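Enquirer: Now for the letters of each chain:
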Amino acid sequence: MSTLEIKDLHVTVDTDQGTKEILRGVTLTIESGQTHAIMGPNGSGKSTLAYSIAGHPKYTITSGTVTLDGEDVLAMKVDERARAGLFLAMQYPVEVPGVTVSNFLRTAKTAVTGEAPKLRTWVKDVKEAMGNLRMDPVFAERNVNEGFSGGEKKRHEILQMELLQPKIAILDETDSGLDVDALRVVSEGVNRAKETTGAGVLLITHYTRILRYIKPDFVHVFVDGRIAEEGGSELADRLEAEGYDRFLTTPAEA
Amino acid sequence: MSLLTPQRPADGAHTDSAATMVPDQSRAERTSSFDVSAFPVPAGREEEWRFTPVDRLGRFFRDEATGACLDWSQDLPAGVTLTTMPVQEWRDLGVPQPQDRAAVVAAEHSGGVAVVDVPADTELSEPVRIRLSGAPEQLVHGHLLVRVGRFSRATVVLEHSGVADYSEMLTVLAGDGSDVTLVSVQEWDDRSHHLAQHDVVVGRDASARHIAVTLGGGVVRLNTNTSYTGPGGSFEGLGVYFADAGQHLEHRLFVDHEAPHCRSNVEYKGALQGDTARTVWVGDVLIRASAEGTDTYELNRNLILTDGARADSVPNLEIETGEIEGAGHASATGRFDDEQLFYLMARGIPEDEARRLVVRGFFASVVARIGVPEVQEHLMEAIERELSAGVA
Chain P
1208 MSTLEIKDLH
1218 VTVDTDQGTK
1228 EILRGVTLTI
1238 ESGQTHAIMG
1248 PNGSGKSTLA
1258 YSIAGHPKYT
1268 ITSGTVTLDG
1278 EDVLAMKVDE
1288 RARAGLFLAM
1298 QYPVEVPGVT
1308 VSNFLRTAKT
1318 AVTGEAPKLR
1328 TWVKDVKEAM
1338 GNLRMDPVFA
1348 ERNVNEGFSG
1358 GEKKRHEILQ
1368 MELLQPKIAI
1378 LDETDSGLDV
1388 DALRVVSEGV
1398 NRAKETTGAG
1408 VLLITHYTRI
1418 LRYIKPDFVH
1428 VFVDGRIAEE
1438 GGSELADRLE
1448 AEGYDRFLTT
1458 PAEA
Chain L
285 MSLLTPQRPA
295 DGAHTDSAAT
305 MVPDQSRAER
315 TSSFDVSAFP
325 VPAGREEEWR
335 FTPVDRLGRF
345 FRDEATGACL
355 DWSQDLPAGV
365 TLTTMPVQEW
375 RDLGVPQPQD
385 RAAVVAAEHS
395 GGVAVVDVPA
405 DTELSEPVRI
415 RLSGAPEQLV
425 HGHLLVRVGR
435 FSRATVVLEH
445 SGVADYSEML
455 TVLAGDGSDV
465 TLVSVQEWDD
475 RSHHLAQHDV
485 VVGRDASARH
495 IAVTLGGGVV
505 RLNTNTSYTG
515 PGGSFEGLGV
525 YFADAGQHLE
535 HRLFVDHEAP
545 HCRSNVEYKG
555 ALQGDTARTV
565 WVGDVLIRAS
575 AEGTDTYELN
585 RNLILTDGAR
595 ADSVPNLEIE
605 TGEIEGAGHA
615 SATGRFDDEQ
625 LFYLMARGIP
635 EDEARRLVVR
645 GFFASVVARI
655 GVPEVQEHLM
665 EAIERELSAG
675 VA
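Just so you know, the sequences run in chain order P and L. Using the numbering used here, the first residue of the first sequence is number 1208, and each one after it goes up by one. Using the numbering used here, the first residue of the second sequence is number 285, and each one after it goes up by one.
Hints were generated in silico from the structure; no laboratory data involved. All of these numbers come straight from a predicted model, not from anything done at the bench. Check each hint, because a few of them may be wrong.
[As the list claims (entries may be wrong)] Covered stretches of chain L, as calculated for chain P (at least 3 residues, CB under 8 Å):
1. 629-636
2. 644-658
[What the hints assert, rightly or not] Some but not every residue of chain L turned toward chain P, in silico, with C-beta under 8 Å:
3. D622
4. E623
5. Q624
6. F626
7. L641
Beta carbons are placed, not taken as given, at the ideal position from N, Cα and C, and that holds for glycine.
Isolated chain P, as found in the complex (with noise of 0.2 Å):
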């Protein structure tokens, strides 16, 4: 049983323009076993939010906690949250040219676990995994993202989240760019990585579509750097008949 726990959360990123806020006071709970969506418009700051989670460098945060079952992640490094058991699947998973797939793969996950999985479980497990996933067994060979398919680099990253079974998952907008056999095939990886772990998901996306694979428990309206609303999911049938317009006020209305 896990809790990811974030409170009063700000963060700035610099800018050419200068430096800018762009989570203004986030407030979210996540525990095992539960499914929260974000969803909202774009520039919303939902990306901010995961990848503040994770550390990238490019974000700096003024204020607030993080923790996980009480252990302050915003002190630890980049790797470190990963072997804690935070996981970032990617909106953009970056190229690494001349590293394969399956070499990746065995050294992440050896440094999850702190020692090297073994040799024949391992390489079952990993061919489980990828035809689950509907990947082609010569996938492993390939270079990290290098010339992948957006649909690809989905699965890609769903495949990592399967083997290297994180407590707590950000899926980071998992479902843009796929078609619907794709979007079917990736949340039924979440799904089965939910079953077979008990994670708990953090599922950012600005459409609803996914929602139709992958229920969520919660959904929290994300508008402008904070949380607007939140509910079941019936929030989300509701975004989906009304979009966020009744969210976006213009400055002169509000």
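Place chain L on chain P using the hints.
Expert: This is chain L only, laid out in the frame that chain P set:
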């Protein structure tokens, strides 16, 4: 001294050189000769020397013999012979001529040419290995000829180590239809200086590969020139270098396409680590009017791992005929990619290991193409050592 008109010593020098130097109109106009007097002692402003610290290399330009030798040891597979040849006989073979002062002096004063002969129609299953190590007291003029007979297949590995000032002239003659790989590994002590001209002459329908691996040495400058004696020849030039603080590692290539329907492909990758680490890569390709059907590509990539390092990369392509298959080049020099580091660390991989993965990955594509397993393994281990030395 006025604040408004800062005087820098370089200003005067630069004006001088601009006034007096007329740049070559074509790479083909560069001097080549067996005659030492054809090459003045370089001052450092000449096109072919402008990146090189010539002030540290005075001994290499002196027109005098030293009689010194490096220590040799060699593994010669059955059928391969190692003999010596007078310099005049080497010239009479019609070999490419020296192209700079250091090379012409090396050829003039070597006292004789060490000749590795692989007879015709011979397939070597093991590489020829020649290990050369330092003779610190005096400058050594080294002169080698590797001759591979027609339709033979051979790999020759030259390994350099220790402390030395070594001026080298090497000619590789790849006979018609042969398949030749020459690997030159520079793992000198950092007190060493090594200037070399390597000429690779590719026979008709022959396939020649020249592989430079430069990991150690205070100054290493390797000029590799390729020419073709007939159509159908293919040349591949691969290079890997890793410069640390205080090292100057320079690789210059010139592929002279005169025969039609020949191919060349050059790929050099280098990493730089540490203050004052310096690398230079110059890749010249000339496609002469007669070289119809040429297919050529050159690529240089540099990975700068720390502040204070400098990589120069200069690809040049001259094309005198439109009737070619393809010609291109690419060059990129970049800092370590922090996004790659973040991605790997976000999967739990510690920073130093993530860095190693990225750098190994950077070199992997060129290392995999070397095709000599023991060289590949040794090289990856050496890169590993360089990286851990940098982290420490």
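Enquirer: Now, for every hint given, state plainly whether the structure supports it.
Expert: Hint-by-hint comparison with the structure:
Given a C-beta distance limit of less than 8 Å, the hint that chain P covers the segment 629-636 of chain L holds, as 7 residues qualify and 3 suffice. Residues of the segment 644-658 of chain L lying with their CB closer than 8 Å to a CB of chain P number 6, which satisfies the three-residue condition for coverage. Restraint check, D622 (chain L) versus chain P: the minimum CB separation of about 7 Å is within 8 Å; hint holds. Of the supplied interface hints, the one on E623 (chain L) holds, with its beta-carbon coming within about 5 Å of a beta-carbon of chain P, less than 8 Å.
A cut of 8 Å between beta carbons decides the hint on Q624 (chain L): the least distance to chain P is about 5 Å, and the hint holds. Against a cut-off of 8 Å between C-beta atoms, the interface hint on F626 (chain L) holds, since the closest Cβ of chain P lies about 6 Å away. Evaluation of the L641 (chain L) hint against chain P yields a held restraint, the C-beta minimum of about 5 Å falling below 8 Å.
Consistency note: the structure conflicts with none of the earlier hints.
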